[in-house]
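Sequence lines, in order, name chains P and Y.
Numbers 1 to 217, taken from this note's numbering, label the letters of the first sequence in order.
Numbers 1 to 167, taken from this note's numbering, label the letters of the second sequence in order.
By construction, these hints were calculated from the structure, which means they are not laboratory data.
Cβ coordinates follow ideal geometry from the N, Cα and C atoms, glycine included.
Treat the hints with care, as some may be off.
Unchecked claim - Derived, one-sided and incomplete: chain Y residues facing chain P with beta-carbon distance under 10 Å:
#  : residue
1  : GLY19
2  : ASP23
3  : SER25
4  : PRO58
5  : LEU60
6  : THR61
7  : LEU64
8  : ARG66
9  : ASP73
10 : PHE75
11 : ARG93
12 : VAL124
13 : ARG131
14 : MET133
15 : ASP136
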Amino acid sequence: MGAPFTPRANIIMTTCLAAIAFAVAGGGLWWFAWPYSDYTRHVGWVVQQPVPFSHQHHVAGLGLDCRFCHSSVENSAQASLPPTFTCMTCHSQIWTNAAVLAPVRDSLARNTPMTWQRVTDVPDYVYFNHSIHIAKGVGCESCHGNVGSMPLTYKAKTLTMQFCLDCHRDPGPNLRPVENIFDMDWHRGPDTPSIAALVAQYHLGRRNLTECSICHR
Amino acid sequence: MTRIRPLRILPGALMLLAGGCDDMSKQHKENPYASPRSAPANGVAGRVEYHDAPRPAPALTSALLRRGRSEYDAFCAPCHARTGLGDGMVVQRGFPAPRPLATAPTHNATPDQLYAIITAGQGVMYGFAQRIMPDDRWAIVAYLYALRRSQYAMLADMTPAQRATPP
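Hey, can you work out the whole structure from these sequences and the hints?
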């Protein structure tokens, strides 16, 4: 009686096992890791804007506060993008002939809003509200990164549900004193109130921040 | 009685299933931020924008002054400087310099006048009605008085009790 398998069967078997292992590993990565990768989430991608606005120049260089342009951030769900009127607060007097600002002047002359492109977005089933995060002491930088270091603006964090939940489960480390909320590159110093003190000051810990309806409705 | 053939209902079933492939991250719903349809209508007779509505001054408290400092540093300091001297960073870059707040013609303006200037602007200064909420404008007005007092404090301003207390 001869052998039931020829030597070729070894190769077929090994190849099949390797293919199955590859499919399982690849499928797992494709399903569980790929959607949350920085590449898929467009982290670090600069978004084309009508005017190459530099946060680095305006925030780090001139020291403008976030609220000067994103003025509804304390009162509204949306931080809001500035109307042309806000740009012209300064640019009616300085850099009035700069070619790079021609779209801003056109916008004013034609009474047509600038079409700024959204850089940071969450899915439509997430009801993110800026004002409550500001009111509860979460700094802009916690989600938007150090915008003052960006010559062109890009999304700095993945903003996955995991990212949101990490903070909603334990908000303490991301809390800042009221006067530092809009600061860039802020770090806790020796004078900073303790995390426990900030949690108490902002009345956190009384409601379960991981309830579904806090973000989804 | 005819038998249901799987091949006949398969395409329909697959198409139904495919309908669930949308993860709903983009939904057809009104976004007040992006939709002109949900924006408030212009020009309703007899109404004014919220930020233009007259609003009485809030009570003067320490919290109001702190709020005023925060708002002043955000909206006024780029030109007027945190000191009020009018040499803010934007002025250093070529914006026409405002006069120091303490010696400007408005140095003895009433709170109502200062509030009106913040609301509607003056000269090359644009109005801030859309950017600073009414209560915050009052907070800035209160802080302007504190700022001026901090730089031009006079002994006569102090009460006898304050003079007796060492700092």
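A quick look at each hint next to the structure:
Interface hint at GLY19 of chain Y: violated, since its Cβ lies 17 Å from the closest Cβ of chain P, which is beyond the 10 Å cut-off. Hint status for ASP23 of chain Y relative to chain P: holds, with the closest Cβ pair at about 7 Å, below 10 Å. Taking 10 Å as the C-beta cut-off, the interface hint given for SER25 of chain Y holds, the closest approach to chain P being about 3 Å. Look at PRO58 of chain Y: its Cβ only gets to about 16 Å from chain P, farther than 10 Å, so that hint breaks.
The interface hint given for LEU60 of chain Y is violated, since its Cβ lies 19 Å from the closest Cβ of chain P, which is over the 10 Å cut-off. A distance limit of 10 Å between C-beta atoms decides the matter here; for THR61 of chain Y the minimum to chain P is near 15 Å, and the interface restraint is violated. Restraint check, LEU64 of chain Y versus chain P: the minimum CB separation of about 14 Å is more than 10 Å; hint violated. The closest approach between the C-beta of ARG66 of chain Y and any C-beta of chain P is roughly 8 Å, which is under the 10 Å cut-off, so the hint is satisfied.
Contact between ASP73 of chain Y and chain P, as hinted, is supported at the beta carbon level, the nearest pair being about 7 Å apart and thus within 10 Å. For PHE75 of chain Y, the interface hint holds, the least distance from its beta-carbon to any beta-carbon of chain P being 6 Å, beneath 10 Å. The criterion of a C-beta within 10 Å of any C-beta in chain P is met by ARG93 of chain Y, whose closest approach is roughly 6 Å, and the hint holds. Because the smallest distance between the Cβ of VAL124 of chain Y and any Cβ of chain P comes to about 6 Å, under 10 Å, the interface hint for this residue holds.
Given hint, ARG131 of chain Y at the interface with chain P, holds; its Cβ is 4 Å from that chain's nearest Cβ, closer than 10 Å. This hint holds: MET133 of chain Y has a C-beta 6 Å from the nearest C-beta of chain P, less than the 10 Å allowed. With its C-beta approaching chain P no nearer than about 9 Å, ASP136 of chain Y sits inside the 10 Å limit, and its interface hint holds.
Of the hints listed earlier, those the structure fails to meet are numbers 1, 4, 5, 6, 7, in rising order.
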